[in-house]
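Number of protein chains: 2
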Amino acid sequence: MMLELGKNARTAAKLLAQAKPEAKNSALHAMAKAIRASQAAILAANAKDLETAHGKDLKASFVERLTLNPSRIEAMAKGLEDIAALKDPVGRVTARWTRPNGMEISRIAVPIGVIGIIFESRPNVTADAGGLCLKSGNAAILRGGSDSFHTSRAVTACLQQGLKEAGLPLAAIQMVETTDRAAVGEMLQGLGGNIDLIVPRGGKSLVARVQSEARVPVFSHLEGICHVYVDKAADLEMAKSIVVNAKMRRTGICGSAETILIDQHADHLLKPIISALIKSGCEVRGDAAAQKADIAVKPASEEDWSTEYLDAIVTLGLTNGVDGAIAHIAKYGSQHTESIITADPATAEKFLAEVDSAIVLHNASTQFADGGEFGFGAEIGIATGKLHARGPVGVEQLTTFKYQIRGNGQIRPV
Amino acid sequence: MMLELGKNARTAAKLLAQAKPEAKNSALHAMAKAIRASQAAILAANAKDLETAHGKDLKASFVERLTLNPSRIEAMAKGLEDIAALKDPVGRVTARWTRPNGMEISRIAVPIGVIGIIFESRPNVTADAGGLCLKSGNAAILRGGSDSFHTSRAVTACLQQGLKEAGLPLAAIQMVETTDRAAVGEMLQGLGGNIDLIVPRGGKSLVARVQSEARVPVFSHLEGICHVYVDKAADLEMAKSIVVNAKMRRTGICGSAETILIDQHADHLLKPIISALIKSGCEVRGDAAAQKADIAVKPASEEDWSTEYLDAIVTLGLTNGVDGAIAHIAKYGSQHTESIITADPATAEKFLAEVDSAIVLHNASTQFADGGEFGFGAEIGIATGKLHARGPVGVEQLTTFKYQIRGNGQIRPV
Numbered sequence: 001m002m003l004e005l006g007k008n009a010r011t012a013a014k015l016l017a018q019a020k021p022e023a024k025n026s027a028l029h030a031m032a033k034a035i036r037a038s039q040a041a042i043l044a045a046n047a048k049d050l051e052t053a054h055g056k057d058l059k060a061s062f063v064e065r066l067t068l069n070p071s072r073i074e075a076m077a078k079g080l081e082d083i084a085a086l087k088d089p090v091g092r093v094t095a096r097w098t099r100p101n102g103m104e105i106s107r108i109a110v111p112i113g114v115i116g117i118i119f120e121s122r123p124n125v126t127a128d129a130g131g132l133c134l135k136s137g138n139a140a141i142l143r144g145g146s147d148s149f150h151t152s153r154a155v156t157a158c159l160q161q162g163l164k165e166a167g168l169p170l171a172a173i174q175m176v177e178t179t180d181r182a183a184v185g186e187m188l189q190g191l192g193g194n195i196d197l198i199v200p201r202g203g204k205s206l207v208a209r210v211q212s213e214a215r216v217p218v219f220s221h222l223e224g225i226c227h228v229y230v231d232k233a234a235d236l237e238m239a240k241s242i243v244v245n246a247k248m249r250r251t252g253i254c255g256s257a258e259t260i261l262i263d264q265h266a267d268h269l270l271k272p273i274i275s276a277l278i279k280s281g282c283e284v285r286g287d288a289a290a291q292k293a294d295i296a297v298k299p300a301s302e303e304d305w306s307t308e309y310l311d312a313i314v315t316l317g318l319t320n321g322v323d324g325a326i327a328h329i330a331k332y333g334s335q336h337t338e339s340i341i342t343a344d345p346a347t348a349e350k351f352l353a354e355v356d357s358a359i360v361l362h363n364a365s366t367q368f369a370d371g372g373e374f375g376f377g378a379e380i381g382i383a384t385g386k387l388h389a390r391g392p393v394g395v396e397q398l399t400t401f402k403y404q405i406r407g408n409g410q411i412r413p414v
Numbered sequence: 001m002m003l004e005l006g007k008n009a010r011t012a013a014k015l016l017a018q019a020k021p022e023a024k025n026s027a028l029h030a031m032a033k034a035i036r037a038s039q040a041a042i043l044a045a046n047a048k049d050l051e052t053a054h055g056k057d058l059k060a061s062f063v064e065r066l067t068l069n070p071s072r073i074e075a076m077a078k079g080l081e082d083i084a085a086l087k088d089p090v091g092r093v094t095a096r097w098t099r100p101n102g103m104e105i106s107r108i109a110v111p112i113g114v115i116g117i118i119f120e121s122r123p124n125v126t127a128d129a130g131g132l133c134l135k136s137g138n139a140a141i142l143r144g145g146s147d148s149f150h151t152s153r154a155v156t157a158c159l160q161q162g163l164k165e166a167g168l169p170l171a172a173i174q175m176v177e178t179t180d181r182a183a184v185g186e187m188l189q190g191l192g193g194n195i196d197l198i199v200p201r202g203g204k205s206l207v208a209r210v211q212s213e214a215r216v217p218v219f220s221h222l223e224g225i226c227h228v229y230v231d232k233a234a235d236l237e238m239a240k241s242i243v244v245n246a247k248m249r250r251t252g253i254c255g256s257a258e259t260i261l262i263d264q265h266a267d268h269l270l271k272p273i274i275s276a277l278i279k280s281g282c283e284v285r286g287d288a289a290a291q292k293a294d295i296a297v298k299p300a301s302e303e304d305w306s307t308e309y310l311d312a313i314v315t316l317g318l319t320n321g322v323d324g325a326i327a328h329i330a331k332y333g334s335q336h337t338e339s340i341i342t343a344d345p346a347t348a349e350k351f352l353a354e355v356d357s358a359i360v361l362h363n364a365s366t367q368f369a370d371g372g373e374f375g376f377g378a379e380i381g382i383a384t385g386k387l388h389a390r391g392p393v394g395v396e397q398l399t400t401f402k403y404q405i406r407g408n409g410q411i412r413p414v
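If you're matching them up, the sequences are chains E and F in order. Count the first sequence with my numbering and you get residues 1 to 414, in order. Count the second sequence with my numbering and you get residues 1 to 414, in order.
Keep in mind that the hints were calculated from the coordinates and are not lab data. Predicted, not measured: the structure shown is a model, and the values here were computed from it. Do not rely on the hints blindly, as some may be mistaken.
Copies of the same chain are indistinguishable here, so a pair counts whether it falls within one copy or spans any two.
[To be verified] Using 25 Å as the maximum straight-line C-alpha spacing, the simulated SDA-like pairs for lysine to any residue come out as follows:
id	residue 1	residue 2
1	350	96
2	292	222
3	204	189
4	350	396
5	20	70
6	164	3
Chain E extracted, bound-state conformation:
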């Protein structure tokens, strides 16, 4: 059954790769319309999932994410319309040059093919991921968490309704209609060469499983241990504002800061920054100097420095200038997103050059690590791997390229 799904996706992908932008956009609009029209059916399916969920011993945050209401359904529909409004990423000419023999070489963006999305029980991922794959000309195979099975199925029905109205193949967006975990294993093996890329969306254990078992390329980030380094040349008010925003705006997202590093030559910054964090409701765990600076600072263990809290907790320590910060980040970081606060341009450029992370910022919050904030529109995730996609993965990163060469009879000399 899974292999059949893969073959159908491959066939659909071939048609999608040639689909006109108008056809894809009209499908996205029809999907949004179908979602709005099916609000009652989606809520009924969601109620069924929630009933089962309540019988289990699930975390409140998990159930909260699973729960739909009219405004969340409207957000899904609106999200699809936003994707329709994006520039079509397929067919872009990303380079073009002429060879001395007259051949013209163009590098043009083409879809990747078939993308498998494995996600936990967040119903909105069904619409988001399906829409982004369609916009970028890829077929999608969606495998959501078993706890959102009925909701996902109801949403997928709306997506397929949109495909149908636009005359696109239904297999462009398929849902794995089984909660059997073996299906995930089959997807990770690539369904007989019929999956080109896997994108996991969910917690660390899901991502870790996908990364360790997948036999096809994966776009993912295991965790975001993001750092803010406050240099001695930082403006205090800016530093406080960015540190508190980077940590506390939303603590549960991967771009939230987990460690604050402060230049050991900046005694005047240490106390006020700690105070600002504590005042914002954050628990601060620190090294000896930080503990000495403020009695409310708890001791940080070695493990704390590489912990993604996703909560109102932060680790804070001193480093020997920007070099110390760069070394600390190389040792404990996750190559996701790091920021330096300084008024010294040379120090900033050193940090931006030497920190080996997907996103490096100067005088701005790590919470900008987001496709929407980059201007990409929606994102399918954030990648900390180094190949193909890095940072927020929007529709452009869901394409690859091919070389088209136009000649007039050129043969290669001996």
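Based on the hints, put chain F in the right spot on chain E.
Here is chain F on its own, set in the frame of chain E:
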């Protein structure tokens, strides 16, 4: 020992990522000089390898590739100087834009990190691959075939001499100093996270092993089953010239054509093309129509259509126009390189758009599938995978990118 090699490479990669173009180029020139100065030592090492090789039952072509002489040594040195002359691929700003809140986002090219190259007994790959990795700011771990062990070691010594003279870390280019095959397995596992990419260089069995066992990304092509499709609207002289060049210029390279497809509506083209191939010394295996057109055509088996001959043999058959050709290529091809010969622009554009290969050509020979012919300078290989690199892999494709964001205090609103 292998783990140590990986750690040293990682440390070197950090330094290389920040190395100035001048330092890298001066190392490349010093390497070339050292290779020329060490001609006697390299030839002596090569003689040792050849002596061992002659005791084994090796193919003549294998021994031929293993054999060095003064002109081949000079070509190695010249190759390194050519790499020095290429534009530095690191630090290129590939995109830059400003967000409404004033943040400036730049996407800049950075090295990938550590690249493992696993190759058969071709001594020139040592210098080529080492030079390309250095130019792109990557550390290289070279694992050559055991039959060229002494030669590779002598060449590596010259590369390290160049690194030393330029003040770059010796671990920027390391050779695996064991012929134990387990070392390859360790590399394929990534040496504890210290290899970011593997590039295999060699025959199909080597590439197949790397593709099936590697736990890190691989740039490779298993085979090049390249097609030339001759449309009914093709100019006969151009078709003959390109078909013969695509197949016969060099039969042993991956871009040589293995299958010729001819429009079934082009009776006037069939016989002359077959005759031209046979006259050039090529064995033609064909379908019933081809056999009927020329008595010298041998019957093609089902297997022939997906065989990479790498020899003066070609499979030739008729298809129902360009649609038939596209379908045939999707079924039997290897997504490497395909060409259409036609004077009809619409037919050409259809082929260029719908054939899902790394390189698609119109009215030009498939033998142009080569980094040098693209203007990339030397290439480390050709990739038929879809992610990151596709087609010839030159120094630009050996880089990745990161986002640098420059702000002035921006925090993300709630």
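Against the structure, the hints:
1. Proximity of residue 350 to residue 96 under the C-alpha cut-off of 25 Å is restricted to the inter-copy arrangement: shortest distance 19 Å between copies versus 33 Å within a copy.
2. With identical chains, the CA atoms of residue 292 and residue 222 are never at most 25 Å apart, being 34 Å at best within one copy and 61 Å at best between copies.
3. When the C-alpha separation of residue 204 and residue 189 is checked against a cutoff of 25 Å, the pair qualifies both within a copy, at 20 Å, and between copies, at 22 Å.
4. In the homo-oligomer, the alpha carbons of residue 350 and residue 396 lie at most 25 Å apart only across protomers (23 Å), although the nearest pairing inside one protomer, at 29 Å, exceeds that limit.
5. With identical chains, the CA atoms of residue 20 and residue 70 are never at most 25 Å apart, being 32 Å at best within one copy and 57 Å at best between copies.
6. Taking the shortest alpha-carbon separations for residue 164 and residue 3, only the intra-copy value of 23 Å comes in at or below 25 Å, while the best inter-copy value is 54 Å.
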